[in-house]
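Going down the list, the protein sequences come from chains S and W.
Taken in order, the first sequence gives residues 114 to 302; the numbers are from our numbering.
Taken in order, the second sequence gives residues 6 to 442; the numbers are from our numbering.
In case anyone wonders, no lab produced these hints; they're calculated from the structure.
Just to be clear, a hint being listed does not mean it is correct.
What the hints assert, rightly or not - Computed cross-link-like contacts, DSS-like style, restricted to lysine-lysine with a CA-CA straight-line distance of at most 27 Å: (1) W:K85 with W:K141; (2) S:K212 with S:K123; (3) W:K85 with S:K271; (4) W:K427 with W:K304; (5) W:K177 with W:K141; (6) S:K295 with W:K427; (7) W:K177 with S:K295; (8) W:K372 with W:K141; (9) W:K372 with W:K434.
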Amino acid sequence: MNLFNTRISKALAVLAVLGIGVVASWALLDTAFHATGDYEFCTSCHAYEPIALAYREDIHGGNNSAGVRAACNDCHLPHDNSLHYFWVKAKHGAVDPVKELIKEPHEIDWHGIRERREEFVYDSGCLKCHKYLQEATQSSRVAFRAHRSYFRGETEEKCVSCHENVGHNRLGYHLEQLGWGKPQKGNKP
Amino acid sequence: MKRILGGGIFLGILISGSWVLAESAGISVAGVKTLKIDRGLSEDGKACITCHQQTTPGHVADWKESRHAHAGISCIDCHKVAEDAPHAMRHANVEDTSVFVSPLVSPKVCGRCHVDAKAQFDASGHFRAYHQIIPKDNLHALQIVHEGRNHPELSGAPGETGCMQCHGTEIKLDANNRPTAETWPNNGMGNIYPDGSTGSCTACHSRHKFDIAEARHPHACASCHLGPDHPNIEIFENSKHGHLYNTEGDDWNFDTAPGAWEPGDYRGPTCATCHMSGIGELSVTHNISERLYWNLWAKESKVRGSDDVLSPLLGDGPAGREKMKTVCRNCHSSTHTNNFFTQGDKAVRLYNEGYYEPATKMLNELKEKGLLKDNPWTDEFQITYYYLWHHQGRRARQGAMMGAPDYAHWHGFFELQQDLYKLEGIHKKRMESGEIE
Numbered sequence: 114m115n116l117f118n119t120r121i122s123k124a125l126a127v128l129a130v131l132g133i134g135v136v137a138s139w140a141l142l143d144t145a146f147h148a149t150g151d152y153e154f155c156t157s158c159h160a161y162e163p164i165a166l167a168y169r170e171d172i173h174g175g176n177n178s179a180g181v182r183a184a185c186n187d188c189h190l191p192h193d194n195s196l197h198y199f200w201v202k203a204k205h206g207a208v209d210p211v212k213e214l215i216k217e218p219h220e221i222d223w224h225g226i227r228e229r230r231e232e233f234v235y236d237s238g239c240l241k242c243h244k245y246l247q248e249a250t251q252s253s254r255v256a257f258r259a260h261r262s263y264f265r266g267e268t269e270e271k272c273v274s275c276h277e278n279v280g281h282n283r284l285g286y287h288l289e290q291l292g293w294g295k296p297q298k299g300n301k302p
Numbered sequence: 006m007k008r009i010l011g012g013g014i015f016l017g018i019l020i021s022g023s024w025v026l027a028e029s030a031g032i033s034v035a036g037v038k039t040l041k042i043d044r045g046l047s048e049d050g051k052a053c054i055t056c057h058q059q060t061t062p063g064h065v066a067d068w069k070e071s072r073h074a075h076a077g078i079s080c081i082d083c084h085k086v087a088e089d090a091p092h093a094m095r096h097a098n099v100e101d102t103s104v105f106v107s108p109l110v111s112p113k114v115c116g117r118c119h120v121d122a123k124a125q126f127d128a129s130g131h132f133r134a135y136h137q138i139i140p141k142d143n144l145h146a147l148q149i150v151h152e153g154r155n156h157p158e159l160s161g162a163p164g165e166t167g168c169m170q171c172h173g174t175e176i177k178l179d180a181n182n183r184p185t186a187e188t189w190p191n192n193g194m195g196n197i198y199p200d201g202s203t204g205s206c207t208a209c210h211s212r213h214k215f216d217i218a219e220a221r222h223p224h225a226c227a228s229c230h231l232g233p234d235h236p237n238i239e240i241f242e243n244s245k246h247g248h249l250y251n252t253e254g255d256d257w258n259f260d261t262a263p264g265a266w267e268p269g270d271y272r273g274p275t276c277a278t279c280h281m282s283g284i285g286e287l288s289v290t291h292n293i294s295e296r297l298y299w300n301l302w303a304k305e306s307k308v309r310g311s312d313d314v315l316s317p318l319l320g321d322g323p324a325g326r327e328k329m330k331t332v333c334r335n336c337h338s339s340t341h342t343n344n345f346f347t348q349g350d351k352a353v354r355l356y357n358e359g360y361y362e363p364a365t366k367m368l369n370e371l372k373e374k375g376l377l378k379d380n381p382w383t384d385e386f387q388i389t390y391y392y393l394w395h396h397q398g399r400r401a402r403q404g405a406m407m408g409a410p411d412y413a414h415w416h417g418f419f420e421l422q423q424d425l426y427k428l429e430g431i432h433k434k435r436m437e438s439g440e441i442e
C-alpha cells in the first residue's frame, strides 16, 4: 500500500513536472515569438529604417481608423503549419542579424529584394486574417473576376504578385529618401 | 385675314423650329454627357468619369459600350499605379489627389484578371515581336543609317513611325515619368513596359472598348499583317474564306462568349477562328503559334519544334498541324483537309529546295570570294536575294498555305523565278570577271 502510494505520487510528480515544463516552454516560446515578431523588434536594425517608415504609414501598419495592425510575422512567416513557421523564423533569426552585422545598410539591395517579394510574403499569412476573402470577393463585381482564378487554383500568382506594395505602400519613396537610389529595372513581368 | 393668320402660323413654326435647332447646336446632346453611374464604382473611379466625359468624351463613350463597364471596371482600376512604380505620375491638373496614374496600361495589368490570356500570350510568337529586333544590327542599320540617313536629329523617324508601331518598342519615360515621344504612343504587339511586362493587348482589342468582336474580325490582324512582305489580309481576301466573309460577314455573329463561337455564328472562318478561337474540341488560345506547323516567314521554312519563346521555331509543328486540322474538320472532310495541306506543303518545300537553297548557295560563294558590296542596299544581288525570301518567298509560301492562288502564283512563284534568273545572271558575271559590276 505504502509502495503503491509512493509509486502513484512519484508518477504524479513526474506528470506534474512534465506538465509544468510543457506549459512553461509553450509560454516561453509564445512570449519569445510575439516579442520578436513585431515592428518594434524587427525594425530595430538600421537597414530596416525605410521598411519601418513605409510600414507605419501604411494601412497594414496601423494607419487606419480601427487601430489594428498586422505584425511583421503575420505576413513574413508561413502560417500553414507550426513547424514550418518555426523553421522559417529560426532561419531568419539566424541569417538577418548576421547580415546586419557584416554589411553596411546600403549594401543591402532592397530594390532587388522587393522584386522577389513572392518568396517572403506568405499567402497563408494573408489568408489568416483575410479568412473569408473568397466569399467576400464573390459579392464584388470587380474583385470576383480578379480572384476567381486564384481561388480555383488556376494561377501560380501569389497575393503580392498583384498587390505589389501591400504593407509598405510608399517604400520606394522612403528607400530613395534614405539613400538607396532608384530601382535600376522595373518589376519582373 | 386667313392669309395673314396662315402666314403668322407658318412664321411661328419657322421661328420655333429655328429655336429648337439653335438650342441643339448650342448645347451638346451627346448621351455620354449625362452619364451618371453609381453601380459599384469607387469615388476615385467616378471622379475620372465625371471629368473625362467632358474632356475626352471619346474615352468614356468607348468605355460605356464595353464589357468592362458592365463589370464595374472603370478607368482607375487599370490606370492607377503605386506611387513608386517606375511609371507613376501625378494626374495633370489634379495634383492634390493621393492617386498616382499612368497612361501606360501594361499586359501585367490586364493579366490581373485575364490570367490565361496573358500566360498564353507570354508563350506565343507575338511575345517576340519586339524582343527579336533588339539584337539585329543589320535591321538597326537599315532604319537609322539607310532609311534615317544617319540624320543627327531625325534618323529615328522610320523606326518610330514604322517598325515600332507594329513590332513595339521598349517604352521609355521622361523626368516626370511620362512616356517619351520617341517610344509612345504605339500599339506595337511586343512593347516592353516600364513594369517589365511584354505585349500590347490593345494591338487587337483597341482601347477603350476592348471588344472581343473586334478582335474576331480580320481587320484587327490586318493593321499589321498586310503589305508586300506579309500580305495576310490580302491573302485572306483572295481565299474562299475571305470571299465568304466579304460577301456576308456583316450578318454573322461575332459576339458569342469565348469558346462558344462556332460554325453557325459564321459561314466561314476569320483569322481568329483558325489561329485562336475555341472551336470543336479545341480551346481558346492567345498563343497564335500553337496551331502552326511551319515557320513561313524565315529565310528558310523549317518545321516548328522549340519551347524557347524567342525562337523563330517556337511551337510543336506536328501537334500544331493536328490542331489546325481539327479546326478545318469542323467544316471540311478529312480528304479535303489532308489534300489541302499536301498542296500547301509541296509549295513550301519547293520554295525551300528550288529557290532558297540555290540562291543562298550563290550568295555564300560570292561572299567567300569577296564579291558582295559592303552596303547591301546598293548591291543588286543582295537586294534581289532580300526580295526573294522576304517578299516574294513569303507571299508564295503564305499564299499557298492559306489558300490564296494569286499570292501563291503571280505575287509568289512567278516573281521568284524572275528573281532566281536575275541572281544567276549576276552570280555568273561576278564569278567569271572576279569583280562587282
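How the hints compare with the structure:
1. Taking the CA atoms of W:K85 and W:K141, the gap is about 35 Å. The hint is violated against a cut of 27 Å.
2. Using a Cα cut-off of 27 Å, the hinted pair S:K212 and S:K123 is violated, with the two alpha carbons roughly 49 Å apart.
3. Distance hint between W:K85 and S:K271 is fulfilled; the C-alpha atoms sit about 20 Å from each other, no more than 27 Å.
4. In summary, the hint linking W:K427 to W:K304 is supported, as the alpha carbons are separated by about 18 Å, within the 27 Å threshold.
5. Straight-line distance between C-alpha atoms of W:K177 and W:K141 comes to about 20 Å, which keeps the hinted pair within the 27 Å bound.
6. With a CA separation close to 57 Å, the supplied pair S:K295 and W:K427 exceeds the 27 Å bound.
7. This hinted pair checks out: W:K177 and S:K295 have alpha carbons roughly 15 Å apart, not beyond 27 Å.
8. Distance hint between W:K372 and W:K141 is fulfilled; the C-alpha atoms sit about 20 Å from each other, no more than 27 Å.
9. A distance of roughly 14 Å separates the Cα atoms of W:K372 and W:K434; the hinted pair therefore holds under the 27 Å criterion.
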